[in-house]
Amino acid sequence: MDIDIDDILRDVDPTLHSVPQEKRDLQDLTRAWVAERSAPELLHWPPGGLFERINNNIKRQIERVEDMTGDMDPKTNFSLIVIQTELERFKYLVRSYLRARIAKIDRHTLHYLSTDALRARLSEMELAYATRHQALLHNHYLSSFLSSFPPALQSLNDTAGQITMIDTPDLDSAVFIRLLKDSLVRGRGVDDDVSDTYDEGDILIIRWSDAKTLVAIGDAELV
Amino acid sequence: MALPLPPGLTQAEVAFVAEMELVTIVPRQRFESIHLLGGKTPALRPPHRAELPLWLALLLKKQRRANIVCPPWLYPASLATVIHRETKEDPAAFSPPPPTPSRAHLSAPGLARRVAEHDAGMSAPFVPSCTADAPAGYLPYHWLEVAEALLAHAGDDMPVAAGEIRSLLRDLVEVRAAKMRSSAATLEGLGGGLTLLRGVGSMELAESRGFVLEVVDGVRKIGASLEANRREVEEMRGEGGDDEGSDDDMGL
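Chains as they are written, first to last, in full-length UniProt numbering: chain A, 1 to 223; chain B, 1 to 252.
There may be inaccurate statements among the hints.
Said to hold, decoys possible - Derived lysine-lysine pairs resembling DSSO-like cross-links, with alpha carbons at most 30 Å apart:
| # | chain 1 | residue 1 | chain 2 | residue 2 |
| --- | --- | --- | --- | --- |
| 1 | B | K179 | B | K221 |
| 2 | A | K212 | A | K181 |
| 3 | A | K75 | A | K23 |
| 4 | B | K221 | A | K212 |
| 5 | A | K75 | B | K88 |
| 6 | B | K62 | A | K91 |
| 7 | A | K91 | A | K212 |
| 8 | A | K91 | A | K23 |
| 9 | B | K40 | A | K75 |
| 10 | A | K59 | A | K91 |
| 11 | A | K181 | A | K23 |
| 12 | A | K181 | B | K179 |
| 13 | A | K23 | B | K40 |
| 14 | A | K59 | B | K40 |
| 15 | B | K62 | B | K40 |
| 16 | A | K75 | A | K59 |
| 17 | B | K179 | B | K88 |
| 18 | A | K59 | A | K212 |
| 19 | B | K40 | A | K91 |
| 20 | A | K59 | A | K23 |
| 21 | A | K181 | B | K40 |
| 22 | B | K62 | A | K23 |
| 23 | A | K212 | B | K179 |
| 24 | A | K91 | A | K75 |
| 25 | A | K59 | B | K62 |
No wet-lab data here; the hints were simulated from the structure.
Starting from the given sequences, assemble the full structure and let the hints guide the process.
Here it is as structure tokens:
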């Protein structure tokens with residue numbers, strides 16, 4: 001039997017209510033968007049079907065709006081305005097999130113396609129887009145100038161001579177993070193490395209490479 | 001198609017996020033609950049208060065369907081407290097952020113525990129910090145944006161003339177902007193890898209993000225070889241074991 005302690009507590013104590021799924025999704029979407037807008041590299045596609053769920057909800061809401069515009073009852077008119085306003089806000093978040101990701105994929109396409117671990121960060125659609133885009137680009141380069149180069153100089157992902165042609169994002173860029181719980185933070189600096197405990201809610205300037213694990217396990221978020 | 005903006009939220013985007021903050025309203029009309037994408041809105045029954053996201057509250061306010069309750073931290077007395085703290089008590093730091101929301105347990109009064117929503121990893125703007133029961137004397141993360149929105153669209157719901165609050169806010173903005181600028185001095189000698197900005201607001205971050213992060217990155221790039229040397233030395237010391245460590249101390 002698999003009984004969650006939270007479920008039992010919730011039965012006993014109604015004040016310990018859980019956050020409704022919709023609100024949690026909005027929090028997760030907002031957090032993913034802010035993180036994607038701030039992080040120097042592409043982050044993982046959100047797990048747990050978050051995006052699919054939100055997209056379905058948006059689709060359903062659009063259908064509802066279409067139904068409601070059918071009956072021209074002045075009373076539902078204002079609810080309709082509210083629903084549409086919210087719908088636009090959601091669509092803006094989704095669109096901005098996807099565009100921020102595409103911008104990163106475009107900038108470092110070869111980098112994100114280079115290893116399986118990096119490929120796993122992309123969604124299926126993004127992977128298809130990146131592969132196709134890169135293929136088109138390569139063909140275009142080939143037909144316009146690469147083909148006149150000697151064969152040894154034609155590749156775009158040469159890593160010979162310890163200098164790689166693949167441009168990578170700067171993972172040591174500084175970011176702002178906020179701690180979601182009291183935690184031990186390690187930060188590397190020029191003169192000194194620091195490791196100290198900070199409180200929940202504290203905002204820190206830190207290198208992304210040092211913040212990465214904290215953000216990944218959910219102890220901190222990018223702001 | 002790709003987003004042409006630099007990393008980090010712009011001011012407009014910060015204002016967008018701040019519009020998701022919950023505020024307390026007093027409805028003037030009955031209004032049934034609507035099923036929104038972000039969850040159901042509470043059914044509005046005047047004169048019972050309800051908590052709604054700021055964007056919806058402003059929409060209702062513009063249509064004269066509701067009044068917004070001024071959050072306690074936006075009262076002049078509270079702002080004056082914060083200004084006093086920022087200028088006199090601790091002129092170097094930002095005033096601390098509001099304490100994590102907690103609520104006394106029904107069966108054990110006196111023992112406050114964290115609000116469940118907070119435990120579940122929620123953060124601004126989804127933790128209520130601009131509602132009628134937010135604590136006074138603290139500035140929430142989105143203080144400037146929420147205050148501006150409320151003053152601009154719900155000035156008549158404020159306890160005193162909007163002008164008075166606005167001048168206090170302006171003082172606060174200036175005091176804190178000076179701190180943000182002087183934090184650049186500590187950034188310059190960013191020996192350590194961490195800089196703490198406890199209590200800073202979202203809009204303040206957005207305004208100085210470009211400058212601050214650029215300085216940190218610049219210092220890192222200039223000091224890259226220095227840092228690499230230091231790491232090499234430390235690594236060698238680490239290999240040498242503990243005996244070596246005491247020799248080094250004597251050498252100093």
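Straight-line alpha-carbon gap K62 (chain B) to K40 (chain B), limit 30 Å: 21 Å, holds
Please verify whether K212 (chain A) and K181 (chain A) have alpha carbons no more than 30 Å apart. Given that 30 Å is the threshold and the Cα spacing comes to 15 Å, the pair holds.
Between K59 (chain A) and K91 (chain A), does the CA-CA distance stay at or below 30 Å? The given pair, whose Cα atoms are some 10 Å apart, holds under the 30 Å limit.
Mind checking the alpha carbons of K91 (chain A) and K75 (chain A) for me, to see if they're no more than 30 Å apart? 25 Å, holds
Holds or violated: K75 (chain A) with K88 (chain B), Cα cutoff 30 Å? 54 Å, violated
Does K23 (chain A) sit within 30 Å of K62 (chain B), going by the straight-line distance between their CA atoms? 25 Å, holds
Against the 30 Å threshold, does the CA-CA distance of K181 (chain A) and K40 (chain B) hold or violate the hint? Given that 30 Å is the threshold and the Cα spacing comes to 29 Å, the pair holds.
Is the hinted pair K179 (chain B) and K221 (chain B) satisfied, with a Cα-Cα distance of at most 30 Å? Holds: K179 (chain B) and K221 (chain B) sit about 25 Å apart, inside 30 Å.
Could you grab the alpha-carbon distance between K179 (chain B) and K88 (chain B) and see if it respects the 30 Å cut-off? Given that 30 Å is the threshold and the Cα spacing comes to 13 Å, the pair holds.
Starting from K91 (chain A), check that the Cα of K23 (chain A) is at most 30 Å away, please. Roughly 16 Å separates the two Cα atoms, so the pair holds.
Restraint check for K59 (chain A) with K40 (chain B), where alpha carbons must lie at most 30 Å apart: 17 Å, holds
Tell me if the straight-line CA distance from K212 (chain A) to K179 (chain B) falls inside 30 Å. 28 Å, holds
Comparing the model with each numbered hint stated earlier shows that hints 5, 18 do not hold.
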